Amino acid sequence: MGKIKQFFGRRSSWSIPYLIFMLIFVVLPLILVVFYAFRSPQGGFTLDNIKTFINEKESVNTLLYSIGIALINTAICILLGYPAAYILSSSRFSSSSVMVALFLIPMFINVLMRTLATVALFGFIHVPLGQATLIFGMVYNYLPFMILPIYTVLQKLDRSYIEAAQDLGADSMRVFFRVTLPLSMPGVVSGIMMVFMPTISTFAIAELLTMNNIKLFGTIIQENINNGMWNYGALLSLIMLILIVLTNLFNEDKEEASAAGGLI
Amino acid sequence: MKKLFNAALLFVFALAVLSCSGSNSYDRPHQLKIYNWADYIDESLLEEFEDWYYAQTGDRVEIIYQTFDINEVMLAKIEKGQADYDLVCPSDYIIERMINRGLALPLDRNYGFVPDYTANVAPFVIENFNRMNTPGSNANDYSVGYMWGTVGFMYNEKYVDRSEVSSWSAILNPKFEQKLFMKDAFRDVYSPLLIYINSDKIADGTVDVDDLMYDVSDESIAQVEAILAEAKKNVSGWEADFGKEMMTQEKAWVNWTWSGDAMWAIHEAEDIGVQLNYVIPDEGSNCFFDGWIIPKYAVNVKAANYFINYMCMSENAIRNMDVTGYVSVIATDEVLQAQMEQALEQPHYAEVVDVSYFFGPEADSVVLNPIYYPDASSMARCAMMHDTDQDTEKLLKMWSRVKGDNLDAKMLVLIGVVVVAVVVAAVMRSKKNKSRRKSGKKR
Amino acid sequence: MKDSNFIISLDHISKWFGEKQVLNDVNLHVKKGEFITILGPSGCGKTTLLRIIAGFVTPDEGSVEIGGDRMNDIPPYKRPVNTVFQRYALFPHLNVYDNVAFGLKLAKVPEEEIEQRVRKSLKMVNMTDYEWRDVESLSGGQQQRVAIARALINSPEVLLLDEPLSALDHKMRKDMQVELKEIHKKLGVTFLFVTHDQEEALTMSDTIVVMDDGVIQQAGTPTDIYNEPVNAFVADFIGESNILNGTMLFDRKVNFLGHDFDCVDEGFGENVPVDVVIRPEDVYLMESPNKASMFEGTVQSCVFRGVHYEITVITDEGYEITIQDYNPFEAGMKVSMIIKPQDIQVMHKERTCNIFEGTLVDETHVEMLGIVFECLPQDIWQGEKLDVLVEVDFDKVDLLDDIDSAELTGDVRFILYKGDHYYLSVMTEDRDYVYVDTNDVYDERDLVGIKILPEDMRIRKADK
Amino acid sequence: MKRNFLAKAYIWLLLILLYAPMVIIGVFSFTEAKVLGNWTGFSVGLYKSLFTSGAHEALMSALLNTLIIGLVASTLATALGTVSAIGIFNLRNKRFKAAMNTMNNIPILNADIITGVSLFLLFVSLGVTQGYVTLTLCHVTFCTPYVVLSVMPRLKQMNPNTFEAALDLGATPSQALRKVILPQIKSGMVSGFLLSFILSIDDFEVSVFNVGTNGLQTLSTFIYADSRKGGLTPELRPMITITFVVILAILIIMNLRTKTNTQTKTLK
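Chains as they are written, first to last, in our numbering: chain A, 31 to 294; chain B, 7 to 449; chain C, 23 to 486; chain D, 3 to 270.
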């Protein structure tokens, strides 16, 4: 008893419960994904799932297609989002914090609601659902996730860098391209993290925005899980997972990783 | 402010604890977990059954009702997930599979002093179920029919003439570009197209429709796939369930769908002044039968059996039909009467039809709604699907190939460009750094 | 006013940040090639002044000329000045080389020239071999050097340094002071150096400009500033000093510490209250009795300060003065003291009493400092409001510690020990100053209540 | 000046675009037309039926479930997250600390769908029937990291010796925690809690795999099932509108809080 007391007296030990929790609910599940991915429905180790993945061009193509859509979506988000973040962070806006909040709010509306609302909008203005609407909808959904991290970085950016650049003879254009932009890159990177991967892995959104015409990678993962093909589904998830890990290698600073973290 | 948030936190915690204890306490044995198609029942019957069941047996039961819109999803939940549903309502070929895979419990038609209403099921349905019999097992011992119907075209009379959809080839008609909804259920598309392909063979009797329903030969699949591939440009959506809504909204003109959905949509559409109709193409089609099955992992078997029986009572059958637009397998006079009255209410759809195959010989010419009860002549061209068990994989793959991916050259180019750009950028950066390191070392 | 051999001329510069006036009619003229230091406590406006010259702040009034050309509307990047920022502001995404080369690259200077100029300037700050280092990996001092190199490489006419050494530890600071001085000699570029460290200013500068409250208090060579401070603030801010109330009896004769002293100052008039500054090292201590003695006292404490001893003496008249001497005198010992005439620095008092502008609202109430005070019945009252001047002696203002009960509060801005009492400047909420003589000890920034009794007010008509 | 105007214009344009769908929903929540887009006259009928008619008790129960799970999950997450944040913060062993932080980041960086699938696999292979408890656990799993992230900075700001000081003055560790540490990191906890709550009620991709077979429906899964049947049931329009307004309120509160905080800071 006394031992336990003294053990929890050390605050460092307070991380133990969470450690256990994470081992069970974070690490173990991921291990299971790998486990199922290399397992045949009848049980026992197998590489069939990989074989099917490679042979069925659908999955691969869908993956590629999703990546393509994700790229377009990310690009548009950057193009629209960066200026917004820049303007918001520049003191020009007296009511800046309110404006930022306005940009964040959509982020907290249930993703399906948002999407249905978007679909409704397209229906309302009689735009036929298809790839175009898919991209539009994606931008709708993810723009805030791009703006926030960029904004937070620009916010933290020390003005004296800009002054130093001006002092050394840079006009506002060059100040932007030689100092502000490079220094805000971390924000852009984490913005990409928040937009690119989710775009690939979402399901439902794509279905709703295109009446099941267009599938993204997430959709086929879900279909396989739902149709009871857990092993193949697990493999697809594993591939998704690998993609995420790879892209994360590019992203240096993890602090920005949470849009939410930026929000607090 | 701080205080306020303390309070809030406290309150929340209290609420949390309360709700936790509240919402998790349920006793499984007194529940009846039903897993049924979406929009496939008059939900008020659920509560009424709870009382009825109590009246008959003195046992309390609480119904937990969930819905699915794809047979395979339901099956996966039971077969892989071992979900403990007490009652599910799969379609014919899944019934067949579940029985063959021993996922179904035999029915117990001993309802104490309650009459056995399952006797109301039309012989026509019993026969069809018998086609699923395997040596030593009779499908009717495991399943009782619930609803049945046909696969065909629902179309918008404003834009489409009946003659344009009287053949399955309609899906190739350029007029319907982006105006066609396909049912997102591969079996219900594959089989009719099979019939379409072999229509002349069927005509001259070289091929028997029922055998055709087992056909998953690669060439057949290839043929179907070819047609679908060609039809794809017309498809504006693959609907699991939203076709009916969208048709009423005139988002499309033609919908490859089930007679029941069509009927539901027709009712909906009338309210907002849209004229929809439904036709079984001349080549013939599928007729499908959905039946109740008590899965292997069921807990409350008794209630499940009673529920089946309850569903077979004429008045309940009629109520379900009114709500869902599907056709019950019950073939009592009450049903027939109700349907004839109904038909009169919708003269636009009423016809004189021969339904002796269903209601018995004296019903060889009655005024009914052929969408509910097709004329014997067209029924003759319809066949029930059969389970192709393992080979289903092949169909699934074909299906996913058809719905397939939207990858096109543009995308590939785009991706290529980006990848190259990234690589180049990375290389250049590393080079730069290297050169720096070097010149750095020099001094 | 314009004069070509002034590299920088600031004329009548004023700047407000909202309510607060940070610069008040500042005039400053900097000669080519000199090392000028702007010295003052934090918040005195010195940094703002520098930023005005650099172009990051535009003055609300007055003109800025650099090299004889008006610069008010010229953006920073077009000005012939470069800045070394307080925390260096080295670009974290560039390595040392690119940081230094930044300006040249912008100026589209050919690569090889950039190469050798960067090397040269890095050499000058002894930072060769660091070209490819990541700036974040450098120590404070090294970053400092890089920042200087970066600012100098564009060969500006003026180098602005904004408290560049404040972030360094003491040792490092000393070294950098020397190096900066050397660089200045080597290049002959005008250095404008901003600091709050008087000792730094004294060691490095050709000219020191002492600022307070956005006003230039005194400008001159370090020796001038040290030996002839124009007012109590400068005297107190520069070096150690005893600042005492005195009376100029007539030319060359001043009374303080309760004695008459010969001095060298003339032209103050007769029996004029003045401030007298005595530097601690200028008081000569001897064991008493001593016939040369000018006045006597008792050693209260004696602390060794490395080179000299710091000795606190209470004179027989009860004044406390600080003295520096090379030999110790232990506490309790009677001592005699001598002050040479030329070591006595006599200064005009800025004010002999508080004078507030106010309005008489009725016979017994006067409104000033933003509130209404009760006062004795005034015969100048003719029934309608009239503007008045209210005089209150320093020692008649009472400071209250419990600020809640006081209707007028302010915070202590500047404390001066006058030997036998403290002389405080207290700033009220609406930025009026109240000057107080008190025996109680306060610290700067202390919040105090201010009370003035009716009988202590001398009220007279404001003369238009 | 002109650039200023352009900037403002751009921002407003974006906002209008972003909010257009919501506005449409909001507007059409005040008409009873079944199909969105037809205006059949102003009425609050949908709002009425949303709260009265039994037909939508499925919807309402889904909403209730969402809220309850949201509250429970975010409360648990806040508790767990705070304690572990303190724990992690005080870890001496650099390696272990790094490991913990990385693990903590996994659910954040991971795609929701994978979190969902992996947890689904966890429960099925453990043979646990999914329901309220499991779903709540899932939500705790992806909420806690955010709590940790929002408490951590407060701990970093905190003077590390205060805890020892409390112990030194005779407080037991638990007292020290309650009386010294918690007050200092409360703001972080609150933000973490609100964030978790919002994340939880928003979640779809994790829930949909883990609602299990006991008829449990959260708002998102309900909407999903509903949306597969084509356009949303009319009652969802007022529902969406209301959620939108509520979220708006929460965020504004959060903003005010941060504002007041900063103000008090500047005062000191």
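Simulated from the structure, these hints should not be mistaken for lab results. Keep in mind that this is a model prediction, so the values were computed, not measured. Careful, some of the hints might be misleading.
Claimed, not checked - In silico DSBU-like cross-links for lysine-lysine, where the CA-CA straight-line distance does not exceed 30 Å: (1) B:LYS416 - A:LYS87; (2) B:LYS185 - A:LYS87; (3) B:LYS437 - C:LYS196; (4) B:LYS189 - D:LYS36; (5) B:LYS403 - B:LYS416; (6) A:LYS186 - D:LYS99; (7) B:LYS239 - B:LYS400; (8) B:LYS238 - B:LYS437; (9) D:LYS99 - C:LYS100; (10) B:LYS437 - C:LYS130; (11) B:LYS86 - B:LYS189; (12) A:LYS81 - B:LYS409; (13) A:LYS186 - C:LYS42; (14) C:LYS275 - C:LYS53; (15) D:LYS188 - A:LYS186; (16) B:LYS438 - C:LYS142; (17) C:LYS207 - C:LYS196; (18) B:LYS400 - A:LYS87; (19) C:LYS362 - C:LYS407.
As the list claims (entries may be wrong) - Each pair of labels, with its calculated beta carbon distance range: (20) D:MET62 - C:ILE425: 56 to 62 Å; (21) A:LEU109 - C:THR150: 42 to 48 Å; (22) A:ARG189 - C:ILE425: 56 to 62 Å; (23) D:ALA101 - A:LEU109: 35 to 41 Å; (24) D:VAL247 - B:ASP114: 51 to 57 Å; (25) C:ASN49 - D:LEU8: 47 to 53 Å; (26) C:ASN27 - D:LEU17: 25 to 31 Å; (27) D:GLY43 - A:PRO158: 45 to 51 Å; (28) B:LYS438 - C:THR150: 53 to 59 Å; (29) A:LEU109 - C:GLU83: 15 to 21 Å; (30) C:GLU179 - B:ALA432: 41 to 47 Å; (31) A:ARG189 - C:THR150: 27 to 33 Å; (32) D:LEU17 - C:GLU406: 53 to 59 Å; (33) A:ILE84 - B:ALA432: 23 to 29 Å.
By construction, the Cβ of each residue, glycine as well, lies at the ideal position given by its N, Cα and C atoms.
Results of checking the hints against the structure:
{"no.": "1", "hint": "B:LYS416 - A:LYS87", "result": "holds (17 Å)"}
{"no.": "2", "hint": "B:LYS185 - A:LYS87", "result": "holds (28 Å)"}
{"no.": "3", "hint": "B:LYS437 - C:LYS196", "result": "violated (41 Å)"}
{"no.": "4", "hint": "B:LYS189 - D:LYS36", "result": "holds (23 Å)"}
{"no.": "5", "hint": "B:LYS403 - B:LYS416", "result": "holds (25 Å)"}
{"no.": "6", "hint": "A:LYS186 - D:LYS99", "result": "holds (26 Å)"}
{"no.": "7", "hint": "B:LYS239 - B:LYS400", "result": "holds (23 Å)"}
{"no.": "8", "hint": "B:LYS238 - B:LYS437", "result": "violated (49 Å)"}
{"no.": "9", "hint": "D:LYS99 - C:LYS100", "result": "violated (50 Å)"}
{"no.": "10", "hint": "B:LYS437 - C:LYS130", "result": "holds (23 Å)"}
{"no.": "11", "hint": "B:LYS86 - B:LYS189", "result": "holds (25 Å)"}
{"no.": "12", "hint": "A:LYS81 - B:LYS409", "result": "holds (21 Å)"}
{"no.": "13", "hint": "A:LYS186 - C:LYS42", "result": "holds (27 Å)"}
{"no.": "14", "hint": "C:LYS275 - C:LYS53", "result": "violated (38 Å)"}
{"no.": "15", "hint": "D:LYS188 - A:LYS186", "result": "holds (23 Å)"}
{"no.": "16", "hint": "B:LYS438 - C:LYS142", "result": "holds (23 Å)"}
{"no.": "17", "hint": "C:LYS207 - C:LYS196", "result": "holds (17 Å)"}
{"no.": "18", "hint": "B:LYS400 - A:LYS87", "result": "holds (15 Å)"}
{"no.": "19", "hint": "C:LYS362 - C:LYS407", "result": "violated (54 Å)"}
{"no.": "20", "hint": "D:MET62 - C:ILE425: 56 to 62 Å", "result": "holds (57 Å)"}
{"no.": "21", "hint": "A:LEU109 - C:THR150: 42 to 48 Å", "result": "holds (44 Å)"}
{"no.": "22", "hint": "A:ARG189 - C:ILE425: 56 to 62 Å", "result": "violated (36 Å)"}
{"no.": "23", "hint": "D:ALA101 - A:LEU109: 35 to 41 Å", "result": "holds (38 Å)"}
{"no.": "24", "hint": "D:VAL247 - B:ASP114: 51 to 57 Å", "result": "holds (53 Å)"}
{"no.": "25", "hint": "C:ASN49 - D:LEU8: 47 to 53 Å", "result": "violated (41 Å)"}
{"no.": "26", "hint": "C:ASN27 - D:LEU17: 25 to 31 Å", "result": "violated (57 Å)"}
{"no.": "27", "hint": "D:GLY43 - A:PRO158: 45 to 51 Å", "result": "violated (28 Å)"}
{"no.": "28", "hint": "B:LYS438 - C:THR150: 53 to 59 Å", "result": "violated (21 Å)"}
{"no.": "29", "hint": "A:LEU109 - C:GLU83: 15 to 21 Å", "result": "violated (44 Å)"}
{"no.": "30", "hint": "C:GLU179 - B:ALA432: 41 to 47 Å", "result": "holds (43 Å)"}
{"no.": "31", "hint": "A:ARG189 - C:THR150: 27 to 33 Å", "result": "holds (31 Å)"}
{"no.": "32", "hint": "D:LEU17 - C:GLU406: 53 to 59 Å", "result": "holds (57 Å)"}
{"no.": "33", "hint": "A:ILE84 - B:ALA432: 23 to 29 Å", "result": "holds (27 Å)"}
Violated hints, in rising order: 3, 8, 9, 14, 19, 22, 25, 26, 27, 28, 29; the structure is consistent with all others.
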